[in-house]
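**Q** Just need the whole structure built from these sequences, with the hints factored in.
Going down the list, the sequences are from chains A and B. Count the first sequence with our numbering and you get residues 1 to 357, in order. Count the second sequence with our numbering and you get residues 1 to 357, in order.
Check before you lean on any hint, since a few could be wrong.
The list treats identical chains as interchangeable, and a pair is accepted whether it falls inside one copy or across any two copies.
Claimed, not checked - Okay, derived cross-link-like pairs now, DSBU-like style, lysine-lysine, Cα gap no bigger than 35 Å in a straight line:
#, residue 1, residue 2
1, Lys307, Lys29
2, Lys255, Lys29
3, Lys279, Lys227
4, Lys307, Lys232
5, Lys232, Lys274
6, Lys174, Lys306
7, Lys274, Lys255
8, Lys306, Lys164
9, Lys306, Lys156
10, Lys307, Lys174
11, Lys212, Lys29
12, Lys29, Lys227
13, Lys156, Lys307
Since the hints were made in silico from the structure, they are not lab data.
Protein chains: 2
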Amino acid sequence: MRLSSIVFLVALLVGGPAFADAGLRDRAKELFQPIPSAPPAIPGETATPEKLALGKMLYFEPRLSETHDISCADCHNLSMGGVDGGALSGGHNAQLAGREVLTVLNAIFNKAQYWDGRAADLSDQVVNSVMANPKAMLKTRGGPMPINPTEHAAAKQRAVELFKGIPGYVAAFKLAFPEQSDPVAYANIGRAIALFEATLITPDAPFDRWLKGDDQALSDAQKDGLKLFIDKGCVTCHNGVNVGGGMYARFGVVKQPSAEFLPPDDWGRYAVTKAIADKYAFKVPSLRNVELTAPYFHTGATFDLKKAVALMGESQLGIELGADETDKIVAFLDSLTGRQPEVVLPILPPRTGPPAL
Amino acid sequence: MRLSSIVFLVALLVGGPAFADAGLRDRAKELFQPIPSAPPAIPGETATPEKLALGKMLYFEPRLSETHDISCADCHNLSMGGVDGGALSGGHNAQLAGREVLTVLNAIFNKAQYWDGRAADLSDQVVNSVMANPKAMLKTRGGPMPINPTEHAAAKQRAVELFKGIPGYVAAFKLAFPEQSDPVAYANIGRAIALFEATLITPDAPFDRWLKGDDQALSDAQKDGLKLFIDKGCVTCHNGVNVGGGMYARFGVVKQPSAEFLPPDDWGRYAVTKAIADKYAFKVPSLRNVELTAPYFHTGATFDLKKAVALMGESQLGIELGADETDKIVAFLDSLTGRQPEVVLPILPPRTGPPAL
Numbered sequence: 001m002r003l004s005s006i007v008f009l010v011a012l013l014v015g016g017p018a019f020a021d022a023g024l025r026d027r028a029k030e031l032f033q034p035i036p037s038a039p040p041a042i043p044g045e046t047a048t049p050e051k052l053a054l055g056k057m058l059y060f061e062p063r064l065s066e067t068h069d070i071s072c073a074d075c076h077n078l079s080m081g082g083v084d085g086g087a088l089s090g091g092h093n094a095q096l097a098g099r100e101v102l103t104v105l106n107a108i109f110n111k112a113q114y115w116d117g118r119a120a121d122l123s124d125q126v127v128n129s130v131m132a133n134p135k136a137m138l139k140t141r142g143g144p145m146p147i148n149p150t151e152h153a154a155a156k157q158r159a160v161e162l163f164k165g166i167p168g169y170v171a172a173f174k175l176a177f178p179e180q181s182d183p184v185a186y187a188n189i190g191r192a193i194a195l196f197e198a199t200l201i202t203p204d205a206p207f208d209r210w211l212k213g214d215d216q217a218l219s220d221a222q223k224d225g226l227k228l229f230i231d232k233g234c235v236t237c238h239n240g241v242n243v244g245g246g247m248y249a250r251f252g253v254v255k256q257p258s259a260e261f262l263p264p265d266d267w268g269r270y271a272v273t274k275a276i277a278d279k280y281a282f283k284v285p286s287l288r289n290v291e292l293t294a295p296y297f298h299t300g301a302t303f304d305l306k307k308a309v310a311l312m313g314e315s316q317l318g319i320e321l322g323a324d325e326t327d328k329i330v331a332f333l334d335s336l337t338g339r340q341p342e343v344v345l346p347i348l349p350p351r352t353g354p355p356a357l
Numbered sequence: 001m002r003l004s005s006i007v008f009l010v011a012l013l014v015g016g017p018a019f020a021d022a023g024l025r026d027r028a029k030e031l032f033q034p035i036p037s038a039p040p041a042i043p044g045e046t047a048t049p050e051k052l053a054l055g056k057m058l059y060f061e062p063r064l065s066e067t068h069d070i071s072c073a074d075c076h077n078l079s080m081g082g083v084d085g086g087a088l089s090g091g092h093n094a095q096l097a098g099r100e101v102l103t104v105l106n107a108i109f110n111k112a113q114y115w116d117g118r119a120a121d122l123s124d125q126v127v128n129s130v131m132a133n134p135k136a137m138l139k140t141r142g143g144p145m146p147i148n149p150t151e152h153a154a155a156k157q158r159a160v161e162l163f164k165g166i167p168g169y170v171a172a173f174k175l176a177f178p179e180q181s182d183p184v185a186y187a188n189i190g191r192a193i194a195l196f197e198a199t200l201i202t203p204d205a206p207f208d209r210w211l212k213g214d215d216q217a218l219s220d221a222q223k224d225g226l227k228l229f230i231d232k233g234c235v236t237c238h239n240g241v242n243v244g245g246g247m248y249a250r251f252g253v254v255k256q257p258s259a260e261f262l263p264p265d266d267w268g269r270y271a272v273t274k275a276i277a278d279k280y281a282f283k284v285p286s287l288r289n290v291e292l293t294a295p296y297f298h299t300g301a302t303f304d305l306k307k308a309v310a311l312m313g314e315s316q317l318g319i320e321l322g323a324d325e326t327d328k329i330v331a332f333l334d335s336l337t338g339r340q341p342e343v344v345l346p347i348l349p350p351r352t353g354p355p356a357l
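**A** What follows is the structure, given as structure tokens:
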């Protein structure tokens, strides 16, 4: 037995996986960062408790929709990984489907919002999504809003008037924006909700604990999966703090997926940039909590994460992953499930007296 | 000055309202009971933490509906007094309206469930409401379920199969019903949700604190309102722990309200008993948290509690209340708002792999 083999065996017996993990961890730390334990700041905003309280109320407020029955929390369900489990956006209600709902969890770390990146930040996303009737929006493949500018302005005004007619909201807006003389204003809705959403992060995933030095946080299969995830090239697009969310990529760059996964009439990022290079490009989704966010792809075409991984290998990397490789990569992806936000339901102020609308 | 007047003045100065409250409190205690501080037991059930955890998951579970997008919490919104603010059942979506949603808060204390009392208890109500597609049910004025028996059985089976396909649910049902060999069973869904719902009580309302001896818990206007509530006869129907919820009464017994409030095609309790005496009879709703549960009546025809009180006076008691009287009664009703349950959102297990449905 050669000396190097003896050293290796001793290392396995004494240092265990620590020795073996060091190299992998060094490579991983160049590609990924853990979710921070505290929510990041939004530039130009101060997250006061009053703003966060208002933002949480509005996040759970069904009366923010024109039909008074859809809140942010309905599609970005905080019991379900920040998505809707495919109810409206995929699954057997696919006739309603535009694009699959993207999770609100860790969305603050994404480069831009929506599959086509048409909202620069969370506040933009909120204002966009609220003003479009979400159910109608779902029918448009996330494209241009189905509301004309006149109606758009009127809908904004109706939302503001509604809140002005609810004393509990008038008080909450005043507390959140004490420096403003007329705080029940449309822009403040987006600001408050965005600040609340920035708190919806999921630290302490096994992968993050491992990144920080806890060798036991990942199983051997998960470490093998991570190696494959790096070596096969998945990290080309899925990297950074969100293991994705940082760039756009054409879906089907090597091999075009079937229409179920890539419907020909949804040109993705092209709708925003009108650049031909962006045809069929989509934001690379974050893989944080991917275990919880089925169904997958912008179409929500499958609930099967193994199938999703295999398809990515074929369409983006031109490789056929073996079943064992897919299993290991999925094992690694499961290590991206972090501590879910503990959310106490807000109590929403009642509308009383004659209707404001 | 006569002696009795002097005694009265001294009492006002020394004992203050305590003296004045004693008589009113004695009368009130014969008519009402406070909400207990701990949830009541359900006969024949043991509320283990595991059953309650499962019940809470199922309460927030949109996949329990056939369309996978409506949970109990959508219509019985725990941010909104246990109702939907009129979104589906009244308000400007009235074209969908069947009957106004009744609050789940303190529902455990009602004699029966639904406006027509067709469910004997919470477990029955759950099974009824889940099996009817709630959106379809809303179109039938809460009458016979719009699902035929064959479809009913098939829908039950689909729900059970769905949960059997989600490992997290299989584990949760096993923990909740450890004595059963096949715990993912339809009846257990109703049992678990009913147990969770029984915890949704709102103790410590100002009125309850006053009933227990805290004279300061009610304002003078609220005490005047309580007196009127008793003297004018409201207590004939609105009494007991839930200030209602204990009996059926014909709506319009003295004077028939307009069709907006009492549509001629909804015969109420008659649909259950087929007794002509029950034509247009409805369960007397609980007035607990009534401040939070607008819009009012089985039609959700008004958000204005003063208008609702005035109409009740006319239609049920044949009296015309003065504006001051209505104001005081509403002030009293506002004292029925209790401590809302603090609900931490459950995390629901993901469906993964090929669809079970």
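**Q** Please write out, lowest number first, the hints stated earlier that are contradicted by the structure.
**A** none
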